[in-house]
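The chain contents come next:
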Amino acid sequence: MSRFSNPVRYVALLLTLAVPGIGLFAERAAMAAPAAKTQTVSIKMFAFTPQVLTVTPGTTVTWTNSDEDPHTVTANDKSFHSAALDTDDKFSFTFTKPGDYAYFCSLHPHMTGKIVVKAG
Amino acid sequence: MTEDLREGMSRRSLLTHCAGWAGAGALYTMTGGIASSISLDAALAAPPRYGKTKPFTFLQISDTHIGFDKPANPNARGTAIEAVEKIKALPFKPDLIIHTGDITHLSTDAQFDDAAQILSGLGAPVFYVPGEHDFLDEGQGKAFLSRYGKGTLGTGWHSFDHNGVHFIALNNVANLKPGGMAHLGDDQLAWLKADLASQSSSTPIVVFGHIPLWTVYEAWGWGTDDSAQALALLERFGSVTVLNGHIHQIIQKVEGNITFHSARSTAYPQPAPGAAPSPGPLKVPTEQLPSMLGIRTARFVRGNEPIALIDQSFA
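Residue numbers (the numbering used here), protein chains in the order written: chain C, 1 to 120; chain R, 1001 to 1315.
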């Protein structure tokens, strides 16, 4: 079978090439790798704020510790965890799959928080 | 030194020595399992009695937080050195010293090394339990246990006897659970049960660990969520003294035959339970800081006679 034996497909290909191709490719690239989404959680006065944060898949969440005491960000199921964060230290994690991600501070376990990941 | 205390130094003269540096320090006593705060004069008037146990003195130091340099105390290293100097200057030598945790601030090798250097040369063996600040390395306690874990079990628990008193060192800062407080865990509780099984109910018990073994303030995590199981095992003993750190202030509680005492830090104070939006280093006027830091001397006389705890501030 030759490459252009189907006339319909041949026309479609020509149209695709004829239409402003650069714009089309740019749009496709944008869909494949959307602009990075970021959210923040502050760790202050022995609390995660906001305590529950809802994000869309692909969002990178950054925690910043503003306390003079070190804290950690540790998933209850240990699927992610930070090192001990001293004052002004940060920790980032990108959530790709929908779901509820409960976490706590492994040094001060009464400090708890949750990231809810769901399609927007 | 114990012999010296018995023969060379009367109880009155020893306590008078203590009073000399204790200033307005409170004296807490325990008699027959009932703890009470009594005046120093009353303590001095009590006749010394000797039995199976020998009188001795030991010392508690806590929460040195080597490496801490924030506004609440930019020189925590310096105040730890000051504590060591005060211990060295005591008119008598303690038989042993217990450190109730948070030796370092961030569990780094450099901080552990510095702490070891500062705390060396105290002239008495030092027994350590870790605080959560000593267990926050990536190895979750590896740094602490490589230094102080020799001869201990699990995450560092152990016991030893001295002059008829049974000392128990607990770790309640490992493997903490989401939403909980401090935690001993089933393995440690099983060990504690076995360890106590061979002890006579008349043996005085001293338990030490970092976070209080009674609930001081749940909202701040100041308690141990499975401590009731440990306390049940201690119930049959006539004299149980529980010494903790973590909250950087002196608080006591009595529950049956068990008395609980938390100690001051040598590094920085923390707010009284519920007196601030959160726990954490409390910044006070510089001139006020020394009055909020301190060390503690414990004078053990005999059996269910009082254990006198004298808290000495840096002021």
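Hint data in this document are derived by calculation from the structure and do not stem from the laboratory. Source: prediction; values computed, not measured. Certain hints may be false.
Cross-link-like lysine-lysine pairs, in silico, BS3-like; alpha carbons within 30 Å at most [stated by the list, open to error]:
id, chain 1, residue 1, chain 2, residue 2
1, R, LYS1054, C, LYS90
2, C, LYS118, R, LYS1177
3, R, LYS1253, R, LYS1054
4, C, LYS78, R, LYS1150
5, R, LYS1177, C, LYS44
6, R, LYS1150, R, LYS1177
7, C, LYS78, C, LYS97
8, R, LYS1070, C, LYS90
9, C, LYS114, C, LYS78
10, C, LYS44, R, LYS1054
11, C, LYS44, R, LYS1150
12, C, LYS114, R, LYS1142
13, C, LYS37, C, LYS78
14, R, LYS1283, R, LYS1150
15, R, LYS1177, C, LYS97
Computed footprint of chain R on chain C; a stretch qualifies when at least three of its residues, placed anywhere within it, have a C-beta under 8 Å from a C-beta of chain R [stated by the list, open to error]:
id, region
16, 50-62
17, 79-86
18, 92-106
Just so you know, even glycine gets a beta-carbon here, dropped at the ideal spot from N, CA and C.
Next item on the list: Taking the numbered hints from earlier one at a time, note which ones the structure violates and give those numbers from smallest to largest.
Entry: 1, 10, 11, 14, 16
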